[in-house]
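**Q** Chains as they are written, first to last, in full-length UniProt numbering: chain A, 1 to 309; chain B, 1 to 160.
What the hints contain is simulated information worked out from the structure, not anything from laboratory work. Worth double-checking, as some hints may not be accurate.
[Stated by the list, open to error] Straight line, CA to CA, 27 Å or less: simulated DSS-like cross-link-like pairs of lysine-lysine:
#1 A:227 x B:147
#2 B:147 x A:216
#3 B:147 x A:210
#4 B:13 x B:26
#5 B:73 x B:147
#6 B:13 x A:216
#7 B:54 x B:147
Here is what each chain is made of, one letter per residue.
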Amino acid sequence: MESNAGTLATRSNKTALEREEVAALESLQFTDEIHCLMSAPATDNASSFTALLELPAPQAVQLIHSPDSAKLIAAPAPNVEDFKGGFHFPSNGGLIERAARFSVFAGEGNNKSDSPEATSNNSSANLQKAVKSEPAETDSSQPLISDPTVENRGIKRKDPEKVKGQTKKSKTTVKESSDDTEKLPYVHVRARRGQATDSHSLAERARREKINARMKLLQELVPGCNKISGTALVLDEIINHVQSLQRQVEFLSMRLAAVNPRVDFNFDSVFTAESGFFMDSNFSGMVMPMMWPEIQLSATCLGERRSLQ
Amino acid sequence: MNNPHHLNPTSLKSRFTTRFLRALTKIRAQKPISSSSPTEIFRRYRRIKVAADKSMAYSVRSRRIWSRAMLWKLRSRSYRRQDPCSGRRSGKTNQAIMKKSSNENTTTRREDGVGFVEEADELRQLVPGGETMNLCNLLDETAHYIKCLTTQLFSPIGKG
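Isolated chain B, as found in the complex (with noise of 0.2 Å):
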């Protein structure tokens, strides 16, 4: 089929879109159509905003410092849900790991030399994995993170 708006079938754009799609077709094919309850609407939005980020996370791989951030914490969660038992151990050394990081962070603040660091840490809690990341990195990935944010909204799935 001809198709002369298709899209280069290697670029951030349409590998997001065809995982996205994918997702999406599997989601709404568990749901019961008639369900309109706002718990019902909100369970399916969870899904999809899950189901959106990890397309995200899967088409950048573990280029970025902020997908392998993002696949971590979706998998994270995901063997926490799936297993709690034995999820138990995981989560605990999962937990372990989370808090000492976030210790860390709360003790010792990055005090890079500049003189934004109230702006840096706010943006270190937006961008995925940014607690990590030195301010030059943190630049650097925002703006891969914004690009990539763009790509999702103005992806031909209706999102905008």
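Bound-form chain A, shown alone (with noise of 0.2 Å):
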């Protein structure tokens, strides 16, 4: 069952190997990986999915299904440069015992070919399980390749395209568990647990987290919103800065007019001068709207003249 399992898995993680960066890959020893993994302490999601391609597909296989390794299948694209800086490892022994047991699958490369339906059926179990386990992986984005299902009928590959639009939408690679979309050839899509595959719910789910990334730098920009939670509430403060805004300029464009021109500006005065007027006209003009114009008309008029001769 698990042996059938995991070369449906392999296939599938092979694919994914030779989509990433399978050359650099090869020139690796597996020994010293073994050491190295085994001795790694802590559980760093950004290398653990390094480490795993590290080792040849089958090892990688096996830890795919032992339920820790879901971390695993949630971790960032593998990158030689993230795993050379160190790696850490999902800090389980039995990870590693069992690793060490299914190295007997190394020589089993010959099992890729038949895919039966059961055993698709206890991979996406076995997955299922694994996901289970680790319900709050949701944070780190990757991509992952199709699903072995999906892979066991020899279908086409996902466009490049897809791949990277899927790449910036996904937030989790936790696989889900719709039945029937998963049999058509074309869908290789890394959806969220639990939620529908079809064409039209991804592209709402794309557009939504479009705006949820644009509604995040809005954030960032209006000074106060970090901290406010809710969408309507955010946008309600984005309105207010900027009718705030376009209440600043017209009135700052009122003072200048209400200022007798008295001396002619002269481009370098102005921008040498720049911090001479920024402290006279912010002490005088803490922007109000509703103050007039002739009020600060002294202030403005003591600032240029200080700052223009």
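Need the complex rebuilt from these two chains, each delivered in its own frame; the hints are there to steer you.
**A** Printed below as a string of structure tokens:
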């Protein structure tokens, strides 16, 4: 059972490897890696996936099927530099044990061709089990390659563009369990757990994520928006901010109109006296749209005189 | 002249500042110095405001939807003012266009599938040219618009 599941996942992993930096991997030694893996203390998702990739396919597969290794699936795109920086591994002695136990499968590379239905169900069941044990893994944003059930049908690969799109969108790499769409040949989508994968909801989800990304940027621009939760309130804040900025501009141009032009503006002097201008006008013009420009007249005239001499 | 405070000549801030300064000097050259009646001040204020908007929009050119919309508004307004007779033709077409778009906007509310339609509509009224944007673009344009407004306010022209 597990061997079949193993081979299925092997195939998917193989394609994953092929797509990623296989050439770099081949140059790395195996024994060193196992030692390193055993001694690595912390679980750092960022590099655990790269750790996974260092192993040849069957070992990696077995690691996938252990419950703790579901974390590995959620790791970021493999990067040789990441790996060289030192990797960590979900510290689990049982994991290593299982890897050792299943090292027998290193030789069984020939089973990849048979792909029965039953095993596909098994593999998805296994993965689901692994998935369920790691419910909190939602923050790393990683693309995974298509799931083994689809792979088994000898289906064409994912579009590279779609991969890129998924990379940007997908937040979790946890496999989801909608059955019907996965039978279709073209669905190579990373969906979130428990969500439908038909094209409409996908497009909608993509849009929503784009909008959320932009809202985050806006939150950074508008001061005081970081603490607010809830998009409607954030939008209200943004609206208030834009309105206040527009009112400030109007008010300041009113002030400029009210000041009697005494001195001709000299470009250089304006630029050099920038700080001087700022100090005086900032002091007098704490931007309150209610204040009348006449009150500001004296202050600004003073400022002008001082800085433009 | 060695100037340590000199701005990067290609930045948005410096482009806006130079343009706005030029416009300001032009406006101040036209005005009699003694006038301080409210109407005169108000007229000057209108011109300065238009000059600020114009310099901002020209500094951004057509790269953004809001700048294009602003330039279009300014141009159509200036055409109508300059030539009311032949402007009738262009004014009509402009009015027709604007009415049509406003009708469309009132009848077709943009229900984007997300829950913030009212706020989005308010934002559309604030950002120039916002009526024609979907929510995604609207947020983009708002971010750039905020950045440009802040540049305007903190330019070294004594505007803040």
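**Q** Against each hint, give a clear statement of whether it holds in the structure.
**A** Here's how the hints hold up against the structure:
no., hint, verdict
1, A:227 x B:147, "21 Å, holds"
2, B:147 x A:216, "15 Å, holds"
3, B:147 x A:210, "20 Å, holds"
4, B:13 x B:26, "20 Å, holds"
5, B:73 x B:147, "21 Å, holds"
6, B:13 x A:216, "25 Å, holds"
7, B:54 x B:147, "16 Å, holds"
In the structure shown, no violation is registered for any of the earlier numbered hints.
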